[in-house]
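Chains A and B supply the protein sequences, listed in that same order.
Sequential numbering from 1 applies to the first sequence in UniProt numbering.
Sequential numbering from 1 applies to the second sequence in UniProt numbering.
There could be a bad hint or two in this list.
Which copy? The list can't say, so a pair holds if one copy fits it or any two copies do.
Heads up, simulated SDA-like pairs for lysine to any residue below, C-alpha to C-alpha not over 20 angstroms straight-line [said to hold, decoys possible]:
id	residue 1	residue 2
1	K77	A143
2	K76	G37
3	K76	E106
4	K76	E122
5	K77	R11
6	K48	S59
7	K76	Q123
8	K197	A30
9	K197	P187
10	K76	C124
If you're looking for bench data, these hints aren't it; they were derived computationally from the structure.
Chain by chain, the residues run as shown.
Number of protein chains: 2
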Amino acid sequence: MASGQTVPLERDQAHYLFGVMRLTEGSAVALFNGHDGEWQAEVTSAGKRGGELTCRSQSRPQAAPPDLWLLFAPIKKTRTDFIVEKAAEIGVARIQPVQTDFTNAERIRRDRLQAHAVEAAEQCGSTYVTEVNDLARLDRLLANWPAERQLMFCDEAFAEASYGTPDGAPRPLGDAPRGPWAVLIGPEGGFSEAERKRLHALPFAWPVQLGPRILRADTAAVAALTLWQLHLGDW
Amino acid sequence: MASGQTVPLERDQAHYLFGVMRLTEGSAVALFNGHDGEWQAEVTSAGKRGGELTCRSQSRPQAAPPDLWLLFAPIKKTRTDFIVEKAAEIGVARIQPVQTDFTNAERIRRDRLQAHAVEAAEQCGSTYVTEVNDLARLDRLLANWPAERQLMFCDEAFAEASYGTPDGAPRPLGDAPRGPWAVLIGPEGGFSEAERKRLHALPFAWPVQLGPRILRADTAAVAALTLWQLHLGDW
Chain A
1 MASGQTVPLE
11 RDQAHYLFGV
21 MRLTEGSAVA
31 LFNGHDGEWQ
41 AEVTSAGKRG
51 GELTCRSQSR
61 PQAAPPDLWL
71 LFAPIKKTRT
81 DFIVEKAAEI
91 GVARIQPVQT
101 DFTNAERIRR
111 DRLQAHAVEA
121 AEQCGSTYVT
131 EVNDLARLDR
141 LLANWPAERQ
151 LMFCDEAFAE
161 ASYGTPDGAP
171 RPLGDAPRGP
181 WAVLIGPEGG
191 FSEAERKRLH
201 ALPFAWPVQL
211 GPRILRADTA
221 AVAALTLWQL
231 HLGDW
Chain B
1 MASGQTVPLE
11 RDQAHYLFGV
21 MRLTEGSAVA
31 LFNGHDGEWQ
41 AEVTSAGKRG
51 GELTCRSQSR
61 PQAAPPDLWL
71 LFAPIKKTRT
81 DFIVEKAAEI
91 GVARIQPVQT
101 DFTNAERIRR
111 DRLQAHAVEA
121 AEQCGSTYVT
131 EVNDLARLDR
141 LLANWPAERQ
151 LMFCDEAFAE
161 ASYGTPDGAP
171 RPLGDAPRGP
181 WAVLIGPEGG
191 FSEAERKRLH
201 ALPFAWPVQL
211 GPRILRADTA
221 AVAALTLWQL
231 HLGDW
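Whenever a hint applies, use it, and build me the whole structure from the sequences.
What follows is the structure, given as structure tokens:
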């Protein structure tokens with residue numbers, strides 16, 4: 001974006017700004033496109049089916065989210081929407097829905113989930129938008145895993161008090177390397193025994209346990225992202 | 001509860017167990033009453049409008065939640081329900097909805113929120129039930145605050161990097177006293193300036209900030225409870 005640049009409005013954007021929010025020509029609007037920070041813009045044309053904004057000046061620089069992915073097994077619609085919204089608020093660069101051995105979902109509505117991530121960014125005054133990927137199989141993702149990306153996974157059946165290594169020795173998450181990370185949340189039924197064995201054997205995987213009570217998958221997602229942000233992120 | 005003790009079923013319980021779950025006489029059921037742990041029971045009478053369970057043996061001892069209260073300003077219905085459900089899962093002894101200067105809610109449906117807390121306990125295999133109080137004014141609660149209970153409050157406008165004292169010097173939450181605590185989450189519009197001043201001046205109050213992005217009130221509640229559990233609770 002640049003000062004003086006005009007931005008055409010689509011029909012539903014015009015409806016929201018002029019029909020719902022009752023803005024008129026001359027009204028101020030905050031704009032972001034995910035790349036150029038936040039800009040103050042002015043309504044320079046307002047119609048029923050369209051309109052135009054004109055950029056005036058940058059009000060905030062572009063911020064980058066932590067280089068964190070969230071991998072989760074989709075659950076019921078409302079709770080899946082919730083996970084996407086909360087992940088976007090807490091600060092995640094990419095959301096990757098995964099199919100595990102015990103995941104029921106065969107497909108997801110990627111466009112709808114992406115729209116939730118956009119709305120969360122608008123609500124929270126974020127300048128970036130969390131990217132939502134299509135559903136992928138967990139085993140294939142792990143087979144092609146980028147070597148430098150660490151993976152924190154939540155294992156209800158993991159008996160250690162807090163954190164542990166694949167060989168069972170505990171290691172504090174605060175000592176873990178910075179840089180690219182992912183957080184993996186299993187489905188409501190947990191991981192299969194084969195998945196657990198495979199995950200525990202991965203050199204880049206860090207098992208964690210989230211307290212003594214059983215958490216729903218959506219609660220576990222928010223709690224795990226908070227834990228990561230506190231230890232390794234920008235909180 | 002005691003071995004051999006019978007428990008009569010109300011109409012909706014009978015409908016759920018025999019109509020929805022299709023249990024019959026002789027089926028096993030896990031029971032808890034919030035005081036006596038978890039018991040294995042058997043269906044000894046199954047009817048359309050009622051029935052009877054008979055306790056066999058205790059399967060788990062009674063667990064106590066951490067002595068933690070959650071104070072929050074009610075927001076929209078779905079998000080308020082969500083806060084109650086998540087607080088019960090993460091582990092809170094009591095939920096106290098509060099009216100602050102910027103809270104819209106005049107009243108809440110205490111019975112409905114309590115039912116959500118019961119359902120969360122059932123879902124999560126908990127043996128205790130989080131108690132939901134009626135709506136109360138924050139200023140009155142603070143005026144009669146129990147001296148030994150610490151209060152963590154989330155202040156979006158608080159400029160310190162992480163935690164701070166009323167006089168501005170940071171103090172790590174890990175050094176905070178154990179024992180009774182409360183976590184306070186403000187309304188979507190934040191606390192009023194008068195409330196902020198009062199909270200920061202309280203000797204038992206610990207301000208925290210939850211990352212650089214603005215969180216919705218329900219996200220802030222889950223993140224703050226996770227933070228408390230990690231530093232001061234039983235996680």
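Do the hints match the structure? See the list:
In this assembly of identical chains, K77 and A143 lie within 20 angstroms of each other by CA distance neither inside one copy nor across copies; the values are 28 angstroms within and 43 angstroms between. Neither within a single protomer nor between protomers do K76 and G37 lie at most 20 angstroms apart by alpha-carbon distance, with minima of 34 angstroms and 30 angstroms respectively. Taking the closest pair of Cα atoms, K76 and E106 come within 20 angstroms of each other only inside a single copy of the chain (12 angstroms); across copies the shortest separation is 32 angstroms, beyond that limit. Taking identical chains as interchangeable, the C-alpha atoms of K76 and E122 lie at most 20 angstroms apart only when they sit on different chains, with a minimum of 18 angstroms there against 24 angstroms within one chain.
Taking the shortest alpha-carbon separations for K77 and R11, neither the intra-copy value of 28 angstroms nor the inter-copy value of 30 angstroms comes in at or below 20 angstroms. Within a single copy, K48 and S59 get their C-alpha atoms no closer than 28 angstroms, and across copies no closer than 65 angstroms, so neither meets the 20 angstroms cut-off. In this assembly of identical chains, the alpha carbons of K76 and Q123 lie at most 20 angstroms apart only when taken from different copies (15 angstroms versus 23 angstroms within one copy). For a Cα distance limit of 20 angstroms, the shortest separation of K197 from A30 qualifies neither inside one copy, at 49 angstroms, nor across copies, at 30 angstroms.
In the homo-oligomer, the alpha carbons of K197 and P187 lie at most 20 angstroms apart inside one protomer (16 angstroms), although the nearest pairing across protomers, at 44 angstroms, exceeds that limit. In this assembly of identical chains, K76 and C124 lie within 20 angstroms of each other by CA distance solely across copies; the values are 17 angstroms between and 24 angstroms within a copy.
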